[in-house]
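Q: Let the hints inform the model, and build the full structure from the sequences given.
Read off the chains here:
Number of protein chains: 2
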Amino acid sequence: MAKQSMIKGASKPIPEPVLRRLPVYYQYLRKLNLESPREYISCAKIAEDLNNLAIQVRKDMEFTGAQGRPKVGYRVTELLKAIEIFLGWDNTTEAYLVGAGNLGFALLGYQGFKDYGLNIIAAFDSSADKIGREVYGKKILPVKKLPDMIRRTGIKIGILTAPASCAQELADAMLGAGIKAIWNFAPVKISVPAGIIVQHENLASSLAVLSKRLALLLAER
Amino acid sequence: MAKQSMIKGASKPIPEPVLRRLPVYYQYLRKLNLESPREYISCAKIAEDLNNLAIQVRKDMEFTGAQGRPKVGYRVTELLKAIEIFLGWDNTTEAYLVGAGNLGFALLGYQGFKDYGLNIIAAFDSSADKIGREVYGKKILPVKKLPDMIRRTGIKIGILTAPASCAQELADAMLGAGIKAIWNFAPVKISVPAGIIVQHENLASSLAVLSKRLALLLAER
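So the protein lines, in turn, are chains A and B. Residues in the first sequence are numbered consecutively from -17, following this note's numbering. Residues in the second sequence are numbered consecutively from -17, following this note's numbering.
Quick caveat, the hints were computed from the structure, so don't treat them as lab data. Treat the hints with care, since some could be wrong.
Copies of the same chain are indistinguishable here, so a pair counts whether it falls within one copy or spans any two.
Dumping the calculated DSBU-like pairs for lysine-lysine here, alpha-carbon to alpha-carbon at most 35 Å [as the list claims (entries may be wrong)]:
hint: 1; residue 1: Lys162; residue 2: Lys27
hint: 2; residue 1: Lys53; residue 2: Lys112
hint: 3; residue 1: Lys63; residue 2: Lys120
hint: 4; residue 1: Lys121; residue 2: Lys96
A: Put into structure tokens, the structure is as follows:
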């Protein structure tokens, strides 16, 4: 629940919906490149394939600085590069994952992150039967080493996949050691001081939207 | 990427952001009930604790039909009940999960779904070493039985946690057998006919927002 939906600090504020759509264009263009490569693509074509409006695609692309040509559109490789640079995906950011349960394992194994410039370099857990294991090439380390490792490596992103009951405590430990952004998958809201970024993935919120839409759809019949 | 952000069909259209906030209020009120129970709560208090605006909380609650009292606010138990009924969480909806990898396991084990009226009754996979196993009390069945099971049970929600490469094929199989809503966790966009609900959980989009905010935060210093 982002109260503030404009991402400020850049020359031009970037609305959050634009940031959410750019990766969708990116995934679409990469898939197109693999399946039916073409040199140029128009906003109208992207819009049609993604069930979107051409004018919105054009406005979104303007943020990245990509230059289209009249009649032909964008060069696909240039557009991909522009989105990559705009989203910072050309530079890899390193992150730690805290809580090596099933969801933690799933994120450790998620192949997509590499393409999006995110590299999870290790996971932390408190359970003795997990510590020392390697999952998808990432080591699981004891959680008591977490603050030290954050300080030593200067890593700024923490991915929190711990149970609700210890989420706040782990968040506090991360922030105390220098983490600046927490991607929170724990099913609980965490409190952080001003100036810290938290992004909460709330499955309950998504489910609420899905089930309300389904209820309305079924009621219409 | 919901092009249409108003959920229509009800007497009053419900904006998607409202639907996304209601579960957050619900989780907050439940936690409050456990940790420091109180009979009444005001919008101002909720707003303060959740870093929101009181007027927004009040408007959101209006959708549920909950009745507050001047000066004291809402009775907590009534407010919880009103949100539950509004979101349909008082009736359990059954769902199938397709793709019993790590993410599938994580969702099968997610305790929260029960509170939100979602019951995953079985999982499907094609891998011989998974079929027949039980995960968190849910059976893993062979994916070739999926269409038959959907027809027999009349289940309307499918949770797709399969790899990108077979996501579309599995979605088609589900829809052909009568599924009306797909909660798509596969890292690829799927195509569905009109009248079918798809909710795509796109980790890349969330990551884009998080990393852009972090980049701006670090640049400010």
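Q: For every hint, state whether the structure bears it out.
A: Here's how the hints hold up against the structure:
1. Proximity of Lys162 to Lys27 under the C-alpha cut-off of 35 Å is restricted to the inter-copy arrangement: shortest distance 27 Å between copies versus 39 Å within a copy.
2. Proximity of Lys53 to Lys112 under the C-alpha cut-off of 35 Å is found in neither arrangement, the shortest distances being 57 Å within a copy and 52 Å between copies.
3. For a Cα distance limit of 35 Å, the shortest separation of Lys63 from Lys120 inside one copy, 28 Å, qualifies, whereas the shortest one across copies, 44 Å, does not.
4. Taking the shortest alpha-carbon separations for Lys121 and Lys96, both the intra-copy value of 17 Å and the inter-copy value of 33 Å come in at or below 35 Å.
Comparing the model with each numbered hint stated earlier shows that hint 2 is the single one that does not hold.
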